[in-house]
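Undergrad: Here is what each chain is made of, one letter per residue.
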Amino acid sequence: MSGALIDLWGWSHALAQFSLWLGSLPLEAGNWVALQTGAAAPGPLTGLIGFITGEGLTNFVAVIVAINILLLWATLLHLLIVMWIERKMYSRLQDRRGIMLGLGSSDFLRRILGPIPLIGRPFRRPSHLGTGFLQTVADGVKLFQKEVITPTNADKWMFHVAPVMIASSTLFLFVAIPWSDGFWLMGSMDKGVPVNPWGILVILGAFSIAPLGILIAGWASNNKYTLLGGMRAAAQLMSYEIPLVLSIIALVVLSGSLDPFELVRQQSVPLTYALGPFGRVTVPFLPNWYIFNPVLWIAFVVLFITVIAEAERIPFDIPEAEAELVEGWTTEYSGMRFGLVFGFKWLRAIAGAALIAILFLGGWSGPVFATVWAPNLAAPGTLYGIPLLPQEFWFTLKIYVIFVVFVWIGWSVPRIRIDQILNLGWKQLIPLSIFNILLATLARGFGWF
Amino acid sequence: MTVDFALVAFVVLSAIEVGAAAMTVSAKKLVHNVFWLAITLITIAGIYILFLAEFIAWIQIIVYAGAVPVLFLFGIMLTRRKIMEEPHESE
Numbered sequence: 475m476s477g478a479l480i481d482l483w484g485w486s487h488a489l490a491q492f493s494l495w496l497g498s499l500p501l502e503a504g505n506w507v508a509l510q511t512g513a514a515a516p517g518p519l520t521g522l523i524g525f526i527t528g529e530g531l532t533n534f535v536a537v538i539v540a541i542n543i544l545l546l547w548a549t550l551l552h553l554l555i556v557m558w559i560e561r562k563m564y565s566r567l568q569d570r571r572g573i574m575l576g577l578g579s580s581d582f583l584r585r586i587l588g589p590i591p592l593i594g595r596p597f598r599r600p601s602h603l604g605t606g607f608l609q610t611v612a613d614g615v616k617l618f619q620k621e622v623i624t625p626t627n628a629d630k631w632m633f634h635v636a637p638v639m640i641a642s643s644t645l646f647l648f649v650a651i652p653w654s655d656g657f658w659l660m661g662s663m664d665k666g667v668p669v670n671p672w673g674i675l676v677i678l679g680a681f682s683i684a685p686l687g688i689l690i691a692g693w694a695s696n697n698k699y700t701l702l703g704g705m706r707a708a709a710q711l712m713s714y715e716i717p718l719v720l721s722i723i724a725l726v727v728l729s730g731s732l733d734p735f736e737l738v739r740q741q742s743v744p745l746t747y748a749l750g751p752f753g754r755v756t757v758p759f760l761p762n763w764y765i766f767n768p769v770l771w772i773a774f775v776v777l778f779i780t781v782i783a784e785a786e787r788i789p790f791d792i793p794e795a796e797a798e799l800v801e802g803w804t805t806e807y808s809g810m811r812f813g814l815v816f817g818f819k820w821l822r823a824i825a826g827a828a829l830i831a832i833l834f835l836g837g838w839s840g841p842v843f844a845t846v847w848a849p850n851l852a853a854p855g856t857l858y859g860i861p862l863l864p865q866e867f868w869f870t871l872k873i874y875v876i877f878v879v880f881v882w883i884g885w886s887v888p889r890i891r892i893d894q895i896l897n898l899g900w901k902q903l904i905p906l907s908i909f910n911i912l913l914a915t916l917a918r919g920f921g922w923f
Numbered sequence: 004m005t006v007d008f009a010l011v012a013f014v015v016l017s018a019i020e021v022g023a024a025a026m027t028v029s030a031k032k033l034v035h036n037v038f039w040l041a042i043t044l045i046t047i048a049g050i051y052i053l054f055l056a057e058f059i060a061w062i063q064i065i066v067y068a069g070a071v072p073v074l075f076l077f078g079i080m081l082t083r084r085k086i087m088e089e090p091h092e093s094e
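These protein sequence lines are chains A and B, in that order.
With this note's numbering applied, the first sequence corresponds to residues 475 to 923, in that order.
With this note's numbering applied, the second sequence corresponds to residues 4 to 94, in that order.
Check each hint, because a few of them may be wrong.
Claimed, not checked - Listed below are several chain A residues computed to face chain B (Cβ distance under 8 Å; list not exhaustive):
1. Trp672
2. Pro685
3. Ile690
4. Trp693
5. Ala708
To be verified - Taking lysine-lysine and the DSBU-like style, the derived pairs with C-alpha atoms no more than 35 Å apart in a straight line are:
6. A/Lys616 x A/Lys630
7. B/Lys32 x A/Lys698
8. A/Lys620 x B/Lys31
9. A/Lys698 x B/Lys31
10. B/Lys31 x A/Lys630
11. A/Lys698 x A/Lys620
12. B/Lys32 x A/Lys819
13. A/Lys698 x A/Lys616
14. A/Lys562 x A/Lys698
It should be emphasised that the hints constitute simulated quantities derived from the structure, not laboratory data.
Here a beta-carbon is modelled for each residue, glycine too, at the ideal position from N, C-alpha and C.
Construct the complete structure from the given sequences, taking the supplied hints into account.
TA: Okay, here's the thing in structure tokens:
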């Protein structure tokens, strides 16, 4: 436990063991009753109890619990927070207050808790000072209640498959993104440290499935706006995947690894430049982030622009340009299907921000400052370290800062045209990233940086 | 009783793959063929993972499954679609 708060696999194993033990209690009771009424010695249900609390089922349940913890962490917590940040922040950029429905402005709570002397104080605030956090929850509930409408002329089967493909490929991104040394789903322990040799490749693969679902959604709705939006989305996403991969190749050439854990370990040491024949120079007080590398900052710029395009955020949001195509390729969807295809764009933005943070901004590395030691409930007699500023905090902070920059860029610049997008992608970003690979190869060959 | 989960996964993935391959050549609309082709390619990646060839599996997804949208685009552009036509059946 070096700085990580959450030990995902340990926790989910403990949770699986506990819940299976709870589930086997009625069987134990039945066994006891059978023994009292004169059954044979081990009891008739012993075999079933052994199967339920056995290692095979425990591991299976632990996998399901771990997946669910990670996905709820990503969707229920970070998706809501990120949507709230975006809506609140673009409102402030437009000099208005934005969404305000919060716990503090709820009529119900004001009536119940408001009169209470001390506790009621935040609930007596005027409603225009609400935080607005509950608005995203309210929108989600609204989408759940709406009817799912299938257009008459749609290709019904593919119309319903497309949101599944989009949602699953977006959630697949989070399988490979680790949140700290202990909070990861995909990987294994090797010599005491987690490794996942192809982690970055998995993230890229999940990014590359998304255009297929978007195209299917646009085509199957049988509507000219959705078809146009889907075509634009496919053209944009496919052409921006190339600089995305090429800029990561430059980083891989210099760092020599596709493993997110290894990349973060390389970046959590003090900033060091290898200057070929002149030896090594260490810069004090700065971490060895790849954004500070004289070669790789080009890759950072390219990656940042491509991630904005991959998440279909505003300078690149022509696939759903609401002034021209009603809502782009999501036009015909309603109810929670619309919620899935629309809300998961933010999830892709979170994943892109996490990718940027892991590759260039040191991932979850950061000063822990102090560790609080508490008795370990799972193993009595030992202590469990709770870091004051755990790695998850630093990683989340970096993701949110990058996302705020996304919002800042998105609501400050106008949407660009399709030909400008393709020109930027094919004529500027791809040559730039190839040039960057050349520089990185030279630097690697001559032992610089 | 021990269950060989790898064998179960292999059989399931193979069944999906063979079925999707059959649909690829037999589906009526070109765009459906492309979708089934994508399913075929992704299940092949799953079988590569079962063979412990993870790198090839991810490259399979990036290169092959990632290139399917191009086919999809050609399927849309080069075939006739009913889109923007009125429903002309006699009601």
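Undergrad: Please go over all the hints and tell whether each is borne out by the structure.
TA: Evaluation of the provided hints:
1. Taken as an interface hint, A/Trp672 checks out: its beta carbon lies about 5 Å from the nearest beta carbon of chain B, inside 8 Å.
2. Interface restraint check: A/Pro685 against chain B, minimum CB-CB distance 5 Å, threshold 8 Å, status holds.
3. Checking A/Ile690 against chain B: minimum C-beta separation of about 6 Å stays under 8 Å; hint holds.
4. The beta carbon of A/Trp693 is positioned within 8 Å of a beta carbon in chain B (closest approach about 6 Å), and the interface hint is therefore held.
5. With its C-beta approaching chain B no nearer than about 5 Å, A/Ala708 sits inside the 8 Å limit, and its interface hint holds.
6. Between A/Lys616 and A/Lys630 the CA atoms are separated by roughly 24 Å; this keeps the pair inside 35 Å, and the hint holds.
7. For the hint linking B/Lys32 to A/Lys698, the alpha-carbon distance of about 19 Å falls within 35 Å, and the restraint holds.
8. Under the criterion of a C-alpha separation no larger than 35 Å, the hint pairing A/Lys620 with B/Lys31 is consistent with the structure, at around 33 Å.
9. Between A/Lys698 and B/Lys31 the alpha-carbon distance is near 22 Å, which keeps this suggested pair within the 35 Å criterion.
10. For the given pair, B/Lys31 sits about 15 Å from A/Lys630 by alpha-carbon distance, which is consistent with the 35 Å threshold.
11. Taking the CA atoms of A/Lys698 and A/Lys620, the gap is about 24 Å. The hint holds against a cut of 35 Å.
12. Under the criterion of a C-alpha separation no larger than 35 Å, the hint pairing B/Lys32 with A/Lys819 is consistent with the structure, at around 29 Å.
13. Note on A/Lys698 and A/Lys616: the hinted pairing holds, with a Cα-Cα distance of about 27 Å set against a maximum of 35 Å.
14. In summary, the hint linking A/Lys562 to A/Lys698 is supported, as the alpha carbons are separated by about 33 Å, within the 35 Å threshold.
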